[in-house]
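K.L.:
Full structure from sequences and hints, please.
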Amino acid sequence: MTERNCPFSQEELDDVLRQVEGSLQTRSEPRPVRYWPLLTAACVALLVATLVWSSESGPLRLADSDAPLFFRGTGMNVLSDGSSVTLRGGVQLSVVHNTSSRFRLAMSPGLVEFSVEPGGPRAWSIDTGNFVVDVIGTRFSIEQNADHGTVRVQRGHVRVRGSTIKDGFQILEGGMELQIDFQPADPVRIEESTEDLVERNTVDEGAGNENAEELEPSPGLVREPREGHRQGWRQLADRGAYHEAFQRVAPVFEMELRQARSVSELFRLADTARLSGHAARARSPLRRITREHPSDSRAGLAAFTLGKIEMDAGRGEQARRWLERALELGLSPSLSRAAYRRLESVTSGHP
Amino acid sequence: MVVFPDRLTEKLNIAELVARDDRWARGVLYGRFAPDLSRMIVRMLGTRDGALDLVHDSFVYVFEHLTELREPSRFRSWLFQIAVSQTRTTMRRRKLQRMLGLLPNSSGEERAQVCQAGQEAFVELGELDNTLSHLSTNQRIAWVLRHVEGHSMIEIAAHCGWSLSKTKRQVAAAGLRLAHLEASSR
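Residue numbers (our numbering), protein chains in the order written: chain A, 356 to 706; chain B, 201 to 386.
Accuracy of the hints is not assured; some may be wrong.
[Stated by the list, open to error] The following residues of chain B were derived to be distant from chain A, with all beta-carbon distances above 12 Å:
{"id": "1", "residue": "214"}
{"id": "2", "residue": "273"}
{"id": "3", "residue": "277"}
{"id": "4", "residue": "281"}
{"id": "5", "residue": "289"}
{"id": "6", "residue": "338"}
[To be verified] Which bits of chain A does chain B cover? Going by a derived footprint, with three or more residues having C-beta under 8 Å, they are:
{"id": "7", "stretch": "371 to 380"}
{"id": "8", "stretch": "676 to 687"}
{"id": "9", "stretch": "690 to 697"}
None of these hints come from the bench; they were simulated from the model.
From a predicted model like this one, the values you see are computed outputs, not experimental measurements.
Built from N, CA and C at the ideal position, the CB exists for glycine as well.
P.N.:
If you want it as structure tokens, here you go:
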């Protein structure tokens, strides 16, 4: 699946783009003149188009062979779409994915020169194990040894992406080159696609606490140990021993509240108070989250918790304001439904 | 044509791409915004059925009228506005067709397809789809954009061509209506 949980595959989106370009082309062309002699030319064009289509559709092959594509030895390999791949210096190049819309290769250390026909239907990607090169109709080369790689572009554009590259990726145009330094990587696992590598390394950010009504301890609590006598209550809270944690922190609660800066620290303090039966003490840290960190993804949860505390305390008007604020700040779908249910009950006077 | 994943093209200057208006630039713009756009459309429709057609129509429209965009940096907002407008038209047509018995309600298989993305939001949307169908088209769009897509009120107002106050009213009305329906069903 494409990034950010898109409901369509890359192939499906690629097909739509081709249709978009086709629609744009059709709408910009003038109406054909209806002369019968043109029928003959049309038939010839259809024949040519069929031959071209048959060579472009389906997986790529070598220009002079119908066998499945593979690369061996050194020298130039001309492909069925007119592109060429030249292997040098003992490099190994493996085909990872080969369809009418995508062509992915895995490359070992060595030097490969690519000349990719522009305007083709396929997205090319070359995975070296340390960085990935994405291609649009270009002439370029990739050279890689044990601790660095070099991408040189003679014509067109490529995008090079990798963890050691500034900003995560660079786009190179004709005449540009990029040297990438890295620690030696594991050998390229040619059975794993580049998309798998991207997905494996993509951080999935959650939307917050989904168990709205249970209001378990808030997400994203910082678990790192800290020095000094005050670390006791934090460790107790992180273990879920909220009563003991509150007993430990109660004498210094206001000081802890003043010193707390991050949303995680404020939530820890609020949860310790709330879940040990001292919900009123949770108000101050929760209010600070909504005031000082309104753009944090957990700000809505803090406001929702305040709304619940006020409802439990019988303060309907305050509950209504906090629930509305929670919806403004943003809640997950399950929490938003819970918020609306509570709003309705507060509004109707039936808690 | 190559399509780049959106997060890896975000550094490219949108205004420069719009100014180029060639096939390469269109491909980059498409790759940048098509995944988010298609997801939003599917969530509004409640089904994958017809979503890609709307993606196609939206991009064809914006690429045909690219020279009319006065502020190229607002390309995304404009694209999403076009898509929301076209999706709303489709939703209203489908609602009328269902009322006339010309179209069945969303099947479990369609909802499963929407859920396949694996996120909780999709699962919830699948479960909510029957309830959401009781909302007006505008309320459904407003609620989905706010509480599933996570757009701000200002973004929703821009996408739908509404004032900010109308946007807030639609979102609030949708939420209260959903709560009332769920309470009635217990």
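K.L.:
Which earlier hints can't be squared with this structure?
P.N.:
none
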